[in-house]
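2 protein chains.
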Amino acid sequence: MNYRAPVEDILATMRHVAGLDRLIADGLTPELDGDMTQAVLDEAAKFASDVIAPLNRIGDKHGSTLKDGVVTTPPGWKEAYTAWAQAGWNALPAPEEHGGQGLPALLQSACTEMWNSAAFAFALGPLLTVGAIEALHAHGSEHLKETYLAKLVSGEWMGTMNLTEPQAGSDLNALRSKAEPVGDGTYRITGQKIFITYGEHDMTENIVHLVLARLPDAPAGTRGISLFLVPKYLVNADGSLGEHNDLRCSGIEHKLGIHASPTCSMAFGDKGGAIGWLIGEENRGLACMFTMMNNARLNVALQGVAIAERAYQQALAFAQERKQGTALDAPKGAPMSPIIVHPDIRRMLMEMRAKTQAARAIAYQVAEALDRSRREPDEAKRKAAAERTAILTPIAKAYATDIGVEVASTGIQVHGGMGFIEETGAAQHLRDARIATIYEGTNGIQAIDLVLRKLPLSGGQAVAGLIAEMRDVVGEVEAANTPGFGRTGARLRAAVDALERATQWMLATIGSDQGAVLAGATPYLKLFALAQGGTGLARKALATRADDKPTGDLATARFFAEILATEAPALELAVTEGAGAVADAAAVFAA
Amino acid sequence: MNYRAPVEDILATMRHVAGLDRLIADGLTPELDGDMTQAVLDEAAKFASDVIAPLNRIGDKHGSTLKDGVVTTPPGWKEAYTAWAQAGWNALPAPEEHGGQGLPALLQSACTEMWNSAAFAFALGPLLTVGAIEALHAHGSEHLKETYLAKLVSGEWMGTMNLTEPQAGSDLNALRSKAEPVGDGTYRITGQKIFITYGEHDMTENIVHLVLARLPDAPAGTRGISLFLVPKYLVNADGSLGEHNDLRCSGIEHKLGIHASPTCSMAFGDKGGAIGWLIGEENRGLACMFTMMNNARLNVALQGVAIAERAYQQALAFAQERKQGTALDAPKGAPMSPIIVHPDIRRMLMEMRAKTQAARAIAYQVAEALDRSRREPDEAKRKAAAERTAILTPIAKAYATDIGVEVASTGIQVHGGMGFIEETGAAQHLRDARIATIYEGTNGIQAIDLVLRKLPLSGGQAVAGLIAEMRDVVGEVEAANTPGFGRTGARLRAAVDALERATQWMLATIGSDQGAVLAGATPYLKLFALAQGGTGLARKALATRADDKPTGDLATARFFAEILATEAPALELAVTEGAGAVADAAAVFAA
Chain Y
1 MNYRAPVEDI
11 LATMRHVAGL
21 DRLIADGLTP
31 ELDGDMTQAV
41 LDEAAKFASD
51 VIAPLNRIGD
61 KHGSTLKDGV
71 VTTPPGWKEA
81 YTAWAQAGWN
91 ALPAPEEHGG
101 QGLPALLQSA
111 CTEMWNSAAF
121 AFALGPLLTV
131 GAIEALHAHG
141 SEHLKETYLA
151 KLVSGEWMGT
161 MNLTEPQAGS
171 DLNALRSKAE
181 PVGDGTYRIT
191 GQKIFITYGE
201 HDMTENIVHL
211 VLARLPDAPA
221 GTRGISLFLV
231 PKYLVNADGS
241 LGEHNDLRCS
251 GIEHKLGIHA
261 SPTCSMAFGD
271 KGGAIGWLIG
281 EENRGLACMF
291 TMMNNARLNV
301 ALQGVAIAER
311 AYQQALAFAQ
321 ERKQGTALDA
331 PKGAPMSPII
341 VHPDIRRMLM
351 EMRAKTQAAR
361 AIAYQVAEAL
371 DRSRREPDEA
381 KRKAAAERTA
391 ILTPIAKAYA
401 TDIGVEVAST
411 GIQVHGGMGF
421 IEETGAAQHL
431 RDARIATIYE
441 GTNGIQAIDL
451 VLRKLPLSGG
461 QAVAGLIAEM
471 RDVVGEVEAA
481 NTPGFGRTGA
491 RLRAAVDALE
501 RATQWMLATI
511 GSDQGAVLAG
521 ATPYLKLFAL
531 AQGGTGLARK
541 ALATRADDKP
551 TGDLATARFF
561 AEILATEAPA
571 LELAVTEGAG
581 AVADAAAVFA
591 A
Chain H
1 MNYRAPVEDI
11 LATMRHVAGL
21 DRLIADGLTP
31 ELDGDMTQAV
41 LDEAAKFASD
51 VIAPLNRIGD
61 KHGSTLKDGV
71 VTTPPGWKEA
81 YTAWAQAGWN
91 ALPAPEEHGG
101 QGLPALLQSA
111 CTEMWNSAAF
121 AFALGPLLTV
131 GAIEALHAHG
141 SEHLKETYLA
151 KLVSGEWMGT
161 MNLTEPQAGS
171 DLNALRSKAE
181 PVGDGTYRIT
191 GQKIFITYGE
201 HDMTENIVHL
211 VLARLPDAPA
221 GTRGISLFLV
231 PKYLVNADGS
241 LGEHNDLRCS
251 GIEHKLGIHA
261 SPTCSMAFGD
271 KGGAIGWLIG
281 EENRGLACMF
291 TMMNNARLNV
301 ALQGVAIAER
311 AYQQALAFAQ
321 ERKQGTALDA
331 PKGAPMSPII
341 VHPDIRRMLM
351 EMRAKTQAAR
361 AIAYQVAEAL
371 DRSRREPDEA
381 KRKAAAERTA
391 ILTPIAKAYA
401 TDIGVEVAST
411 GIQVHGGMGF
421 IEETGAAQHL
431 RDARIATIYE
441 GTNGIQAIDL
451 VLRKLPLSGG
461 QAVAGLIAEM
471 RDVVGEVEAA
481 NTPGFGRTGA
491 RLRAAVDALE
501 RATQWMLATI
511 GSDQGAVLAG
521 ATPYLKLFAL
531 AQGGTGLARK
541 ALATRADDKP
551 TGDLATARFF
561 AEILATEAPA
571 LELAVTEGAG
581 AVADAAAVFA
591 A
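The listed protein sequences derive, respectively, from chains Y and H. Following our numbering, the numbering of the first sequence begins with 1 at its first residue and continues without gaps. Following our numbering, the numbering of the second sequence begins with 1 at its first residue and continues without gaps.
Mixed in with the good hints there might be a few duds.
[Stated by the list, open to error] Derived CB-CB ranges, DEER-like:
| # | chain 1 | residue 1 | chain 2 | residue 2 | range |
| --- | --- | --- | --- | --- | --- |
| 1 | H | K46 | Y | V70 | 44 to 52 Å |
| 2 | Y | A327 | H | V7 | 48 to 56 Å |
| 3 | Y | Y233 | H | A83 | 54 to 62 Å |
| 4 | H | K46 | Y | T82 | 53 to 61 Å |
| 5 | H | E478 | Y | D26 | 57 to 65 Å |
| 6 | Y | A334 | H | P456 | 22 to 30 Å |
| 7 | H | R57 | Y | T82 | 49 to 57 Å |
| 8 | Y | G511 | H | D50 | 25 to 33 Å |
What the hints contain is simulated information worked out from the structure, not anything from laboratory work. Small disclaimer: the values here were computed from a predicted structure and weren't measured. Where is the CB? At the ideal position from N, CA and C, for every residue including glycine.
Throw the hints in and build the complete structure from the sequences for me.
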């Protein structure tokens, strides 16, 4: 079945949860008003459904293939990419001085979600280009910017990120690739990289690799890593393409999902060294990477939302179509009903919907905070927004990708036996979703980042501010006296209380028992997400309800609060009293 | 990496959780003592590791293929099956009068777990044969038994179950296949069946299909369904094979997992009708199916345990091998540590282990109850054991297969990027596990069966008995005063309290609001599993602990109680106060 972008919920989430209306009212998005937002979303929705979505299954079946060093993407892939770039979508968030449209991250996020719902493996390539543009824009020399940025922004060329090596995955300390200065301002790059997404392909004329490597005599560890730009084809002074650089794709992986996205092993310097240019300062490569890390993590969060939305739509359509059994209140001898009448099927669909929209709420809130951190005229406000972005980013990344897997798996379940058949398409969503909890920092690493680096920001004031906002929402729900909310107020209050206590425990324990803090990091992140997502859905329901009529937003907020957010007290226990159980693992694994 | 059967935990679970020691002491297993049990387990473990396990990846890569009506299983498949059957493993549980060994279901269950850990898609075929043997033994005529049983028991022939049709999946009312009496005691069978596991293959000379079909003028609905035996090759009076029957495999499915298990579309009667023989009485086919349904569901539960165990072993081995980062207490500049030192990795592995062993505990308890329901001399005790089997079977099936998916998914996560690469083998476990929540009655249907048909047994006394047993275990844990239990007693008490209240609510509501009961069925089943599994692990830890030393069993029971069973109160709320949120789905899906 085809994908239809949920423009209504996307716009409602942007406006009422992420605060687009306030951004506009504050004058922070002069290039954008409500009407233009709607128009962009409608156009993106159309392109996603009409052009990209039909490629999803084709891409899965054909995959990308490697032969004699050449990677061929699936049929229609290149044409769709070219049309997409020519329509200007690649340039949406890019800086205006390099041909971009400079539109807010919030709008870009909505579009990113749509591309990824339409075809996850397709949309992944351009996400890497976004990262390359950001790194280059923030840290590249004028020469590099002039040579590469316009082509990357237009989408004529694509960018990649070359971090991982066989011995250096989550731990970049172990990185071994080398860069030797030639003396003319260039470097000779040698080394082996693995898991390089779109490391080689036939979609663009040139590919701009960003490569982490060590200079001779660089300090050990991550303080000795530098970032280099290494193009597939060298670029002549007139901008035309010159020689093929000394790099090649030495293999592509056979993966569980995202078959169309070529995951490449890259060999740099077989013939003496690929020519590269330093980005930013020597030995400061990791800092350059961190510039774009938060944004990349937001994009992966959006992939989680996207695949969940696609799986939800497919399961819903199946449940409305497939007939088995009869409704409880059907007269005897009635014909079979669509399975959506069965309470357990409804429960599954509501769970899929509630998780998806909660993840969307959190991810879009990150995007808004990112915009505010860049656009607020007041420095203190920019800093506050930056800290808000910093805290919510790992939560969005881990929660949205976790629920991406869960929702895709439940989607298979709704389909029954048909879900297990590849032709149905439900299984592909699970296979595709499964990467997003791993790459761009595993979800375990997101949780560690949250508790060790983010909670202490501004002495805990940043997280306190977020919790205070949640309390405001709870207060509004309780004051609203809207029957459709059911027990939403009480359940969310319990969740926020649990989060606050767990946060205090984390902040009090971080200095004395880091092992205990790390043992509880993952349940803590989930607890945070339940409170943040649950209040996000409630915020939307408060804004969209009318009179006393039940609405989809009310029902979704209620389901999340009453059925999902009720796990909060258990997660609090796992945080504050669970470290002993994790530590006892020693008794198990020593045996 | 290879599979090594966890014989120690299997035996401890059989003895201390499922009560093998009591079975033996009560004289109910005269053919089996403790030493012989250990000997059988050791032999099975050896066969599983040495012969079957190496086929797992081969089977996944090659799959079974269909060409010109012939299904070819992967290389080595037939030879391994033949060796397995010749070693007597197929005959283990079968009746002695037909060449079986008549060993208890509990022992058979342990072996079934091992075969499925070794290669899920391989072990699935013989499970269908077990069902065919049971149906034939219980309901077949003497002629059918004489002709088919010995060959099915020896494994020379395999059996299948032909239930599903395109329009009749979970709802067998809609079944359309026909059976016309010929007048000579045989029937002409016509119809299309789908999703027939091992419906056609090259592993045995003959295949004995059990087929549900309707007689002319049979009543509508499930009361008009009869069961027929329809062999692939007709059998001559001397037992030799005769003509090919009028049936064929018209297609095999391209599936997410269990690639080596051929999932066939079967066409019966293209040339006028396949010759079949009635099993049991006319129009009582469903009752015949139900004879074996509980046992089949137990076997699928064991598949869930099996795949979880395999995924756990693989993730554990990886975590002990793969080096990234350093331990918290490592000196500065220390070399990288195996990732198992990291608390979040330990948390994941402990969760995998605790879920797997809890599921094993529940499944083995079902097997023991099944044995008691067959072997107790006292009728009242047989009935009590049968009711216990009836209640625990859907819980075992749904919980074990749900955690099978979860554990396999977490196994991928532990592997990081390597987990997404098919060559690693971790992804196959998730793909294979994903079917078990669906077939043999979806897990939603298990939950409905539990609350509508099983809870009311003996006016609620059967379930009350199980809860009372859990309370005894909680009391023992609290009295034990063993530091390694941590807060296990308090957490399990809270879980059992929640289960008891939810059960009372279910029994009180079932007559007045079936919609509310069905809306809470799935969370209720999970709540039951947490209490049953948690007390099962505690039982084992109580039995195996020695002095004050920490043990693996104590740590596992503690982790389950403190980190997983703490969800119980939330599940209680979903049962007793969640129906409104599910009912509100109407506001969403009507829109």
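Which numbered hints fail: 7, 8
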